[in-house]
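Visitor: Order-wise, the sequence lines are chains A and B. Residues 638 to 766 (this note's numbering) make up the first sequence, in order. Residues 20 to 296 (this note's numbering) make up the second sequence, in order.
Simulated from the structure, these hints should not be mistaken for lab results. Just so you know, not all the hints are guaranteed correct.
Restricting the straight-line Cα-Cα distance to at most 20 angstroms, the calculated cross-link-like pairs of lysine to aspartate or glutamate (DMTMM-like) are [to be verified]:
| # | chain 1 | residue 1 | chain 2 | residue 2 |
| --- | --- | --- | --- | --- |
| 1 | B | Lys181 | A | Asp678 |
| 2 | B | Lys186 | A | Glu727 |
| 3 | A | Lys644 | B | Glu265 |
| 4 | B | Lys183 | B | Glu220 |
| 5 | B | Lys55 | B | Glu171 |
| 6 | B | Lys65 | B | Asp112 |
| 7 | B | Lys239 | A | Glu680 |
| 8 | B | Lys151 | B | Glu135 |
| 9 | A | Lys735 | B | Asp207 |
| 10 | B | Lys181 | A | Glu727 |
| 11 | B | Lys206 | A | Glu680 |
| 12 | B | Lys134 | A | Glu727 |
| 13 | A | Lys735 | B | Glu102 |
| 14 | A | Lys735 | B | Asp270 |
Beta-carbon label-pair distances, calculated as ranges [said to hold, decoys possible]:
| # | chain 1 | residue 1 | chain 2 | residue 2 | range |
| --- | --- | --- | --- | --- | --- |
| 15 | A | Gln694 | B | Glu135 | 52 to 60 angstroms |
| 16 | B | Lys292 | A | Asn701 | 32 to 40 angstroms |
| 17 | A | Lys702 | B | Ser231 | 25 to 33 angstroms |
| 18 | B | Thr267 | A | Glu746 | 52 to 60 angstroms |
| 19 | A | Asp678 | B | Tyr72 | 36 to 44 angstroms |
| 20 | A | Ala741 | B | Phe148 | 54 to 62 angstroms |
| 21 | A | Lys735 | B | Glu254 | 44 to 52 angstroms |
| 22 | B | Pro31 | A | Glu727 | 53 to 61 angstroms |
Cβ atoms here follow ideal geometry from the backbone N, Cα and C, with glycine treated the same way.
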Amino acid sequence: MNFHSNKAIYIQIADLICEKILSGAFKEEERIPSVRELAVDLEVNPNTVMRTYEYLQDLDIITNKRGVGFFVNINSIERVTAYLRKEFMEQELPNLFKNMKILAININEIDKLYQHYLQNNINNSNEKK
Amino acid sequence: MIRFNNVSFGYPKQKLLYANIDLELKAGSVYGLLGKNGAGKSTLLKLMAGLVYPTHGKLSVFNADPTKREPSFLHEVFFIPEEIDTPSLHVLDFGAEHMPFYPKFNNEQFLHYLKEFDIPMTNLNNMSFGQKKKVWIALGMASNASLIILDEPTNGLDIPSKRKLRKLIASVINENTCMIISTHQVKDLDSLIDKIILVDEGEIIVNTDTESITEKLVFKLSSDISTTEQYLYYESSLAGNLIVKERTSEDEATKLDLELFFNAGINNKNEIKQLFN
């Protein structure tokens, strides 16, 4: 994993796990990789992964079942969505706004592109079916 | 696990390299030992391993005195030097020769690590420097010693081997072991290091965990330099200003930039020392 952004590594790993839950790669009530497995896979210190898992437990997204491992909580998708939304609103959006201002991009332009994007996305997923 | 108590050290006929240092290292961590060339990193490692003796003061490693070099102490220490020396032996004979010295040595692990590192089953004389280095690393990790010291372990390693080494370290570190890595290639291993020891001019500037560094400091790229804010250190280039400053309640935690932290520690020694001691 390439830890390029400015965020603390344990947060970046938390984001990664949240994305896996949203995409369905990690399912509710299923076990996720152990601290050691994930540390080896991501080439990070196991203490860092432990910190990520503590953080996700505080957010009520995963649970530690002693001796068995870490599991994705029921209804975690709602909490993950809320968490990622908050991150987006507080961190990514201000950056976007900043660039929009510098480049004098009107919000209506963005809206038009966004509607177009949504339309394409719907078409694509229909084709797949 | 390791305790330096008012330790001084100097090589014969030279001025003291370290004067009255105190330092404590705990098990369960990967320590990154950082310092400029000639700062005395290798000497500090040699002191811990009982390869050189303190001029003054007391040093204990798992409650033993390294200078006594008792077998029970040596069983638990594996030192992988930067410059390695290998005899003309088949790699497996080389392993067999070292095994008896380490009661917790695991031969299966040794063979597995050799395979992971793509080591040919041949005489060490036929190997490149990087391959020999990997044989030493495989041996050290398979020794299961409580203290594993690696002096510049990524020197000579090719790109895939560096990745294998990171995976290997992540897989072997546990709450009973202590790994100390001295390195200039901080980007090779920075995601594994969770404690930092920074030495300069015979002083321990910092001995702390990476978590407290990112709690106390922020590292960021900023397009402009503020005249009202106090920076501990910054570097300017056309790309912007790389800034190290004290973290306030408004700042989000950032990723630790070890190179920037190193430069801050060397160039603004006093403030960094105050923050972490």
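Visitor: A separate judgement is required for each hint: does it hold in the structure or not?
Guide: Here is how each hint holds up against the structure:
1. Lys181/B to Asp678/A: holds (14 angstroms)
2. Lys186/B to Glu727/A: violated (34 angstroms)
3. Lys644/A to Glu265/B: holds (16 angstroms)
4. Lys183/B to Glu220/B: violated (34 angstroms)
5. Lys55/B to Glu171/B: holds (13 angstroms)
6. Lys65/B to Asp112/B: violated (26 angstroms)
7. Lys239/B to Glu680/A: violated (23 angstroms)
8. Lys151/B to Glu135/B: With a Cα-Cα distance of about 14 angstroms, the restraint between Lys151/B and Glu135/B holds, given a limit of 20 angstroms.
9. Lys735/A to Asp207/B: violated (34 angstroms)
10. Lys181/B to Glu727/A: Given that 20 angstroms is the threshold and the Cα spacing comes to 36 angstroms, the pair is violated.
11. Lys206/B to Glu680/A: Holds, at about 12 angstroms.
12. Lys134/B to Glu727/A: violated (47 angstroms)
13. Lys735/A to Glu102/B: This hinted pair is violated, its Cα atoms lying about 51 angstroms apart.
14. Lys735/A to Asp270/B: holds (18 angstroms)
15. Gln694/A to Glu135/B: 52 to 60 angstroms: The hinted range 52 to 60 angstroms is violated for Gln694/A and Glu135/B, with Cβ atoms some 33 angstroms apart.
16. Lys292/B to Asn701/A: 32 to 40 angstroms: With a Cβ separation near 38 angstroms, Lys292/B and Asn701/A satisfy 32 to 40 angstroms, so the hint holds.
17. Lys702/A to Ser231/B: 25 to 33 angstroms: holds (31 angstroms)
18. Thr267/B to Glu746/A: 52 to 60 angstroms: violated (36 angstroms)
19. Asp678/A to Tyr72/B: 36 to 44 angstroms: For Tyr72/B against Asp678/A, whose Cβ atoms are near 42 angstroms apart, the range 36 to 44 angstroms holds.
20. Ala741/A to Phe148/B: 54 to 62 angstroms: holds (57 angstroms)
21. Lys735/A to Glu254/B: 44 to 52 angstroms: violated (23 angstroms)
22. Pro31/B to Glu727/A: 53 to 61 angstroms: holds (60 angstroms)
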